[in-house]
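First to last, the protein sequences are chains A and B. For the first sequence, position 48 matches number 48 in full-length UniProt numbering, and the numbering has no gaps at all. For the second sequence, position 140 matches number 140 in full-length UniProt numbering, and the numbering has no gaps at all.
It is worth saying that the hints were derived from the structure and are not from the lab. A hint or two may mislead.
Just a sample of chain A residues kept apart from chain B, beta carbon distances all over 12 Å, derived [as the list claims (entries may be wrong)]:
1) Val8
2) Ile16
3) Met28
4) Ala79
5) Gly80
6) Gln105
7) Ala128
8) Ile156
9) Glu159
10) Ile166
Pair ranges (Cβ atoms, derived) [claimed, not checked]:
11) Ser25/A - Phe28/B: 44 to 54 Å
12) Asp40/B - Ile36/A: 45 to 55 Å
13) Leu44/B - Met157/A: 50 to 60 Å
14) Ser29/B - Gly130/A: 23 to 33 Å
15) Ile29/A - Asn68/B: 44 to 54 Å
16) Val21/B - Leu173/A: 26 to 36 Å
Think of the CB as a built atom: it goes at the ideal place given N, C-alpha and C, for glycine as much as any other residue.
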Amino acid sequence: MGWIGETVDSIRSIQISQLLNQAVSLGMIVTSALIIWKALMCITGSESPVVVVLSGSMEPGFKRGDILFLHMSKDPIRAGEIVVFNIDGREIPIVHRVIKVHERQDTGEVDVLTKGDNNYGDDRLLYAEGQLWLQRQHIMGRAVGFLPYVGWVTIIMTEKPIIKYILIGALGLLVITSKD
Amino acid sequence: MHSWGYRLNAVATFSLTVLGVMCGMVSFSDNFNHPTPSADVRVLNINWFQRHPDGNDEVSMTMNITANLQSLFTWNTKQVFVFLAAEYETPMNSLNQVSLWDGIIPTKEHARFWIHTANKYRFIDQGSNLRGKDFNLTLHWHVMPKTGKMFADKIVMPGYHLLEDYR
């Protein structure tokens, strides 16, 4: 109970200069995080250098909640690679393995078919209406490494947004009430 | 300076950092493994060989796949994903890779295997180029670690040949 009293007191005793200080510190932290993220995007050549595995279609290799590190190089896409791709009309990227590749002689463009390791059939059911193959522009990156379990934080925050609000609220409170 | 909040923060940050470094070291230890895998595939029978109404050739075959991939496993290996792809060239396409069969090897004991199977996935060409075609059968594998970097490699087995005529 004394802690709540302390908190209320400290909110009452806030000065503008202190508030501005806090705001600048917070701004610095957010900006550095953004810089690191953008740098990662540059280094890996991918729009989204880290993705969270959302479904069980690649089990037992990748479980829901794992994090995948992506890299996109100019190397041609070959069978066996695990790629992350977007389908027109679906906002969530899909992480599956390439099982068929047909590369054109003249242009070097590819037709690619994918399938989740744990799925029975290939991904044609997931592709857009009338789409039989994926092309290079649909592919966001290749998975090159992974960390288990770390992605659960993102999944929980997306599926139960109330937790996100609680966290942000608590962080805000911490910033306001800390004395330095 | 010594409130529970600060202490929790310090412990959490430190443990996360240590965990991260440990994952990095574990993944790095995989580089010391020099694998020596082997494989052999025999095409036992061409079950049928047809051309679809839309103009694409399709082949169904039964194969005998033998392989020893035990040297790929390290203490940091969760599973090895292995698949067999037919690879060939056509006038329209400089490279065609069609996966015929795949499997998951969960442990080192399972990594030495012999299977007799028809192709799990349909061997369909883009077009009608398969008559009399020479193709390679390549065994690809993908080592999926418990944490860190994934490794992939393959063994190319050339010298397979398809029938001159439909059956």
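Each hint, compared with the structure:
The Cβ of Val8/A sits about 17 Å from the closest Cβ of chain B, beyond the 12 Å cut-off, so the non-interface label holds. Every Cβ of chain B is farther than 12 Å from the Cβ of Ile16/A; the closest lies at roughly 25 Å, confirming the non-interface assignment. Taking the minimum C-beta to C-beta distance to chain B, about 17 Å, the non-interface status of Met28/A holds against the 12 Å cut. Not every Cβ of chain B is farther than 12 Å from the Cβ of Ala79/A; the closest lies at roughly 4 Å, contradicting the non-interface assignment.
Not every beta carbon of chain B lies more than 12 Å from that of Gly80/A, the smallest distance being close to 4 Å; the non-interface claim is violated. For Gln105/A, the non-interface assignment is contradicted: its Cβ lies about 4 Å from the closest Cβ of chain B, within the 12 Å cut-off. Every beta carbon of chain B lies more than 12 Å from that of Ala128/A, the smallest distance being close to 19 Å; the non-interface claim holds. The beta carbon of Ile156/A sits about 17 Å from the closest Cβ of chain B, which is more than 12 Å, so the claim that it is off the interface holds.
At roughly 23 Å, the least C-beta separation between Glu159/A and chain B is larger than 12 Å, which holds for a residue marked as non-interface. The claim that Ile166/A lies off the interface holds: its Cβ sits roughly 16 Å from the closest Cβ of chain B, which is beyond the 12 Å cut-off. As the Cβ distance of Ser25/A to Phe28/B is approximately 35 Å, the hint placing it in 44 to 54 Å is violated. About 48 Å separates the C-beta atoms of Asp40/B and Ile36/A, a value consistent with the hinted range of 45 to 55 Å.
Distance hint for Leu44/B and Met157/A: a CB-CB separation of about 53 Å, consistent with the stated range 50 to 60 Å. Separated by about 48 Å at the C-beta atoms, Ser29/B and Gly130/A break the suggested range of 23 to 33 Å. Hint check: Ile29/A to Asn68/B, Cβ distance near 52 Å, so the stated range 44 to 54 Å holds. The hinted window of 26 to 36 Å between Val21/B and Leu173/A holds, with their beta carbons roughly 32 Å apart.
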